[in-house]
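Here's the letter readout for the chains.
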Amino acid sequence: MEICRFIVPVILKICRREAYMISKNIDVNKRYLEGLCQDCADVNIREYDLKGFGRCVVVYLETTVDTFKIGDVKEIETMEDAVRILMAGNAVLFCQGNDKAYKISSQGYPNMGVQESQMEKVLRGSQEGFADSVKTNVALVRKRIRTPDLKVAEHQMGQESNTAVSLVYMEGRIPPGLLENITNRIKELHVDGVMDSGMVEHLAVEEWYSPFPRFQTTQRPDRAAMELLKGRILFLSDNSPVGLLLPTTFHNFMEASEDAYNPKEIVTFVKALRYVALVVAMLLGGLYLAVTNFHTQLLPTNLLLSFAEARQGVPFPSLVEVLLMELSFELIREAGIRMPGPLGGTIGIVGGLIIGQAAVTANLVSPMVVVMVALTALGAFAIPNDEFASTFRLLKYVFIFLGAFLGIFGIVLGVFGVLEHLSGLVSFKIPFLMPFVSKEYKNVCR
Amino acid sequence: MFADNNQISSQQMKRQVFLTFLGIALFLLPGWERLDGREGFVACVAAFFCISIYCLYLVRLAPVYAHPRRYLGKWLTWGMGLLYLCFLVASGGYLLCRMTQIVERYLIQGVPSFVLAVFLLVVCILGKVEDIQRRGRMAEICYPVLTVAFVLLIFGQMWRGSWEWVRVSGSIDWDRVGKGTYGLFGAFAGLALVPFTLGAVRRPAGNYRKIFQAMGQVFLFLFAALAAFRAFFGEKGQVRYGLFTMVLLLFLLLFTLKSIFFYSAHIAGKTHVAVPYGVIALLVFLVSVVEIRGVTIMELYEKWLLGIFVPVFLILAVALGIIVTLTGCGGTEPEKRALPLALGMDHTEQGFEASYAMPNLAVTTGQEKETDMEELNWTETGNSMEEIAENLRKSHEQTLDLSHVEVLLLGNGLTADREAFGEVVTYLQSETTLNEDMPVLAAKQLPEFMEANGNTLESIGKTIKGVIDKQEQKEDICTLRELYRQWSNEDSIPTLARVTIQGKKVEIFME
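Just so you know, the sequences run in chain order A and B.
For the first sequence, the residue numbers in our numbering are 4 to 449.
For the second sequence, the residue numbers in our numbering are 594 to 1104.
Read the hints as simulated data drawn from the structure, not as lab findings.
Treat the hints loosely; a few may be bogus.
[Unchecked claim] Capping the alpha-carbon separation at 27 Å, the derived lysine-lysine pairs in DSS-like fashion look like this:
no., chain 1, residue 1, chain 2, residue 2
1, A, K190, A, K267
2, B, K1098, B, K1055
3, B, K863, A, K432
4, B, K1098, A, K432
5, B, K1067, B, K1055
6, A, K33, A, K146
[Stated by the list, open to error] Partner residues aside, some chain B positions facing chain A, computed with beta carbon under 8 Å:
no., residue
7, V716
8, L719
9, G720
10, I734
11, K1097
Beta carbons are placed, not taken as given, at the ideal position from N, Cα and C, and that holds for glycine.
Please construct the entire structure, taking both the sequences and the accompanying hints into account.
What follows is the structure, given as structure tokens:
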């Protein structure tokens, strides 16, 4: 033991790491902690004057300690603050002869607690999902990044709801100016109430006409923690189990949570496959119509003859045929989402197999179109982010019309227009097409 | 990297130039009779040489194109803008007409040509046409895909053809070489527009090299396309393209057509020709479809290009070079110049504030001549640095000469506001006579410094420089060059040493 007491400081000095010894002076200790935990809103440092002990300072993470027992006491000077604190679920103490009131933290409003993520299912990795409480969600992230460099900036949004929101980020990793940009954007929003992070998402987006989402959502604390380490900011709102990751680029939507847990060769292949799926989901329908109606010279003769044979007796033009099948699929999909539990899967089987087969047998549609629609649907499902996939499901119809009326020319116009549009999109001043458009992004975010 | 500074990287600039001219090289030129045979190849080499020199000359004139009014005045600038816009409208109309023809021939029949033209136009004018960053990102994305696709296509075509044309026999017709060279020079006359955008490139030092590389690549593709064309069709063949080739070419030409509108919006803004790009689009459409007495733009464009636009652009370039040489800073006598030794910049709620502290020459030089004390300190405010520069030019008789500024002082308002800081950096970079080794200091008391200049201190610039030279840590003081580097590479404001003044005492504190 004596040897350890001698050797450890020497080793620390050799490694050039000086240990900061606790001081007898409470002000020194308090200043050190305040400096270290600056901008960590979930870290509380409380000073008390206890009889028999004198001045004391308590430091704790408010989300991991039962604050009711600690007695998180805060002075309140105005009635407005007292009411606001009361409405936030705390107790307020008034004393005769004292012109200040005191906030006493309680366990707050009831909420659902930590549950499994419903939106993002993975085969490997944590199954925890965000809860309804912003404090709990911050704690779930801090559980994974246990460093004072993880900062939490608290704000309030909604003039009536006074919803607590938090911006969580890693100091030194986020691009300069990004936090101020997001904070200013939040402060510019004047609404009565914020019930979910989705409201902030739609209020804060600049190019409202664009179908491409500019905010990436996540219900997974492990995903959020990974993205924070990459230099992004996590927006959490009270009463919402969904966090927003900012800024968001095209490539972020093509990444899944489990990519970090699998070997890189497999992940590279899967990511390439996702991009192919994206092109298939968007263009296959339009290309089918363009090639079969305008540019049959591209098809091998036997295939062209098969198409012609398959279309024999179908009463509708090919455009109507494709639209009919695509819209039927959308109906089946929507019905499957709304149906509870096992019924949702049954709808898929009934719609996909039976209706599709029946339509082919009744000569309403050709088998080629059923195959094409199925491939398009699979392409959309292969995109990890549902909101992003929905964008391409929508764009698919634009390309179907372009292909049907203008052939390959229409497809080229559409692709050019989409690329032009994507080139102009930005997410909090970061180009949406990063990292494809600049190498400098890597230097900014570690 | 950030999409808020209206700047592009030099790589994006190179790719924009490459993609703009590649479509012309691969589509409009193969089959042109001026490039037939061996004379065509020799003409390509000669044209590349001429274009390289022309680009070098244009890059040197970039400051004129960035601020044409400063050099040419209001009406000449307006005239120059009108000339370029006429060129763009004619070129856009010709390009739109050719694109409509190829779509009708190769891609889709039965749709009226003017409807096809409308579709092409609509796609090209959607969105913020004048957004250079958007264009840069588009070029960045399309470049690798299109380049690889065309390399594969050209190699695929080359191996399928006959190579009998390679056998050299007979003498070369140099007259045809001359015509071919001039014709190629005209085909790439659009290079005259590039200097208008060079001011937006983040690191302008490599501009010529990047343009040279871009045109070099274009000419490589042109050689390869001509060789493939010759190998496949022989010397007098007709150009035919497969569907896949046509799709890629159409995409390239869409980029070129969009460039027409981009440059028209850009040039109209720079030269203050009040024509919205919607009107330009309409004119382009009309030029492409209108037929007068059986004559369309297809018959007229080559004559206008080679007979009017190219000679005028060349004369204009020479004239601008002469104007810059004769009317630049070299022509002003010393007594007519204002020579500030200290420069102060700040940003307040009212806007930007620039202060120029001139030395008291009578005291500094020891000569007993009268000094107008009011002329020792110039302070100008404005909403932008351009406005300040314009106000200074109008309000003072002397020409401001920043080549001897010894110290730069930045106020707190500027270092706290990134956007304002960025604008000031852009302005300072445009003042190419500034000494980049001069120290940059943070100063809270800028008005006090300016007040002291010429009163308690004969020259605040000399005094501060003297104090700096006596500092032990003078190497740690940030220079203007280091400020540029940190702002460009790391997008951050460097830590600056602080300077204070109390009476005659100037102190510097390292942060």
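Each hint, compared with the structure:
1. K190(A) / K267(A): violated, 41 Å
2. K1098(B) / K1055(B): Distance of about 13 Å is within 27 Å: holds.
3. K863(B) / K432(A): The hint holds at about 25 Å.
4. K1098(B) / K432(A): Not satisfied, since the Cα-Cα distance of roughly 44 Å exceeds 27 Å.
5. K1067(B) / K1055(B): Judged against 27 Å, a Cα distance of about 15 Å means the pair holds.
6. K33(A) / K146(A): holds, 24 Å
7. V716: The hint holds - V716(B) has a Cβ within 8 Å of chain A, the shortest such distance being about 5 Å.
8. L719: At 6 Å from the nearest chain A Cβ, L719(B) passes the 8 Å test, so the hint holds.
9. G720: Holds: closest Cβ of chain A sits about 5 Å from G720(B), inside 8 Å.
10. I734: holds, 6 Å
11. K1097: violated, 39 Å
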